[in-house]
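Undergrad: Respectively, the protein sequence lines represent chains A and B. By our numbering, the letter at position 56 of the first sequence is numbered 56, and the numbering carries on one by one without gaps. By our numbering, the letter at position 129 of the second sequence is numbered 1129, and the numbering carries on one by one without gaps.
One should not assume that every hint holds.
As the list claims (entries may be wrong) - A few chain A residues facing chain B, derived, Cβ under 10 Å:
#, residue
1, Val17
2, Thr24
3, Lys162
4, Glu163
As the list claims (entries may be wrong) - Which chain B residues stay away from chain A? Per the calculated CB distances, all over 12 Å, these:
#, residue
5, Asp1008
6, Gln1011
7, Val1033
8, Tyr1042
9, Thr1214
10, His1264
11, Lys1280
12, Pro1300
13, Asp1302
14, Phe1327
15, Asn1342
16, Glu1345
17, Asp1359
18, Ile1361
Said to hold, decoys possible - With beta-carbon atoms standing in for the labels, derived distance ranges:
#, chain 1, residue 1, chain 2, residue 2, range
19, A, Pro182, B, Ser1017, 36 to 44 Å
20, B, Glu1202, A, Thr235, 49 to 57 Å
21, B, Ser1017, A, Gly216, 32 to 40 Å
Keep in mind the hints are simulated off the structure, nothing from the lab. If you're wondering where the values come from, they're calculated on a predicted model, not measured in any experiment. Ideal Cβ positions, reconstructed from N, Cα and C, are used throughout, including at glycine.
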Amino acid sequence: MKFEGTSSYIATEDLKVAVNAAITLERPIIVKGEPGTGKTMLAHEVAKSLDAEIITWHIKSTTKAQQGLYEYDAVTRLRDSQLGDEKVKDIKNYISKGKLWNAFESDKRPVLLIDEIDKADIEFPNDLLLELDKMEFFVYETGETIKAQNRPIVIITSNNEKELPDAFLRRCFFHYIKFPDPNTMEEIVEVHYPDIKKDLIQEAFKIFYDIREVPGIKKKPSTSELIDWLKLLMTDDVDAKILREKDPKKLIPPLHGALLKNEQDVHLFERLAFISRRENENVE
Amino acid sequence: MFINFFFDLKQASLPVSLKEYLMLMEAMNKRVVDSFNVNDFYYLSRSALVKDERYLDKFDRVFGHSFKGLENPEGETAKEIPEEWLKLMGQKYLTDEEKKMIESLGGWDKLMETLKQRLEEQKKRHQGGSKWIGTGGTSPFGAYGYNPEGIRIGQKEGKSKKAVKVWDKREFSNLDGDVELGTRNIKIALRRLRKFAREGAETELDLDNTIKSTAHKGYIDVKMMPERRNKIKVLLFFDVGGSMDAHVKICEELFSAARTEFKHMEYFYYHNCLYDAVWKDNNRRYNDNIKTWDVLHTYPSDYKIIFVGDAEMSPYEITYPGGSVEFWNEESGETWLTRMLNVYENAIWLNPIPERYWDRIASTSIIKQIFSDRMFPLTIEGIDQAMRELNK
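Throw the hints in and build the complete structure from the sequences for me.
TA: As structure tokens, then:
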């Protein structure tokens, strides 16, 4: 089992090494990175490339570790007992399996995505420590131990909203997806839009990386936003010449709403673009 | 060699543990990567040993130091590396028949020549913004049934050439905890201080308790509980004006981060040292100030105090009545600071001046003493420590 990237996902060399290490050693991998660099996508693509089933567990601030294992529906059982339902005799009828249980039961080695683990409570990762380490847990209500038939490939994403406990981190591999350099970005764009015009890409890239480098910008545009913007440029059939526009009246790139999502950023960009172009004109 | 590397990391105070080292050894043992490729080893060890992007830069530096001389000499072109690899790969993957075919086409060396040229071209063309070599299907190596491997090797080569010393590029330098302070980073550091507790009106259904009580009483007995909230309360004191002007940006960042992070937060401004009054609006500081006594009486002692200031002034401004540069203060700054510290148990001082200069500034030492050493530098690392201190 080896992950080599897929036709729709460009994986850098270091990402491949990290993922393969996690697959071989059967340990979870934690993926961090700027928003929009394809953290969640990674799990889907790993599953695709290994032809494995993907089980996703989206974490919210209210998610408890127990919910990933199983939940015991005491209220329904209480009601059923008052109605004299036959089901009530077997406690198994009131235990609903969680994502982890599903993953452990799978016949073929699945990919388990624990998405945005940092959204949950601080104790959440610690509560899953043993379960992810040993890949087994105990069901108190029925007294059975659920053990993974095939240790799932666990991919955990984090947006860095909370720090994860050291004990948890020690058991995982870690990868920080850095923002792609222009070369990698070109490959990524090509995967998404194989027939985009080359000159359009060049101009668009220039603008994109310029915007990212504007000092003091509140939210830097990310890969997914670039992809969206290119799509808009393509559907509107914007010509590369327009992007090269030097006319001070058209300072802001067309359809900038896809890139700049904050009105302060738009103002800031307007001001800076104005200054830089005026300087250019003076030089000329 | 690896052991030394591990200890080098420890010495650089990277949080690496034996467990992670063993994990790396296990991965090497299971041949996750080619053991003779230093780049892959770098990626693997980074993934196994570093668990926080803050430490990536430090790791790169230690790696560069520990494995100095292992990397390929700088400035080396593509010529040497791929030949070696390709020959190896060729021996591995080519059948005898294919090897004969290569011979008939001018032999291995000729083939290498062509590949070299092609790689050069690829570099140029690629920089021009067109496709990678091989994807267009023009590679001569395709003819020898070599194409699928050929592309991969070509790509690998191109990457490794770029990455002769990936760690020396130090791409992660701005994620280092000691260096950069962005609002986001501050927020994360401040979050250490969060302490959730249930307080206030009972608005949430307490399911467990309801079930328990229902089973106990025999009828549905609904139990409620209050919502969980961050109950940390903070008073922030900012030094403004004078020598603090140089640190305005960093303080702004701290302020905006703190404001979103804490629900119960009050802020006040002071100049140089705390005296009998503080203010909330810099434009009206002389008319509209708040008596420090009022602050002490208004906010209960479970508030946590954060002073932000460079603590750089004449020592008289702290120790003597009338020392203030702006007005005649009846009581010394020290008296006021001590008063504050007597009321609020959890208090710290954040100083934007780097820690190594503190000892040389007399006033800084005095304030540090008043705060019984609870002065921290205004860096991510410092805020982190400060929050731990406040949480005690």
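Undergrad: Going through the numbered hints above, which ones does this structure break? Give me the numbers in ascending order.
TA: Checked against the structure, the hints that fail are numbers 7, 8 and 9, while the rest are satisfied.
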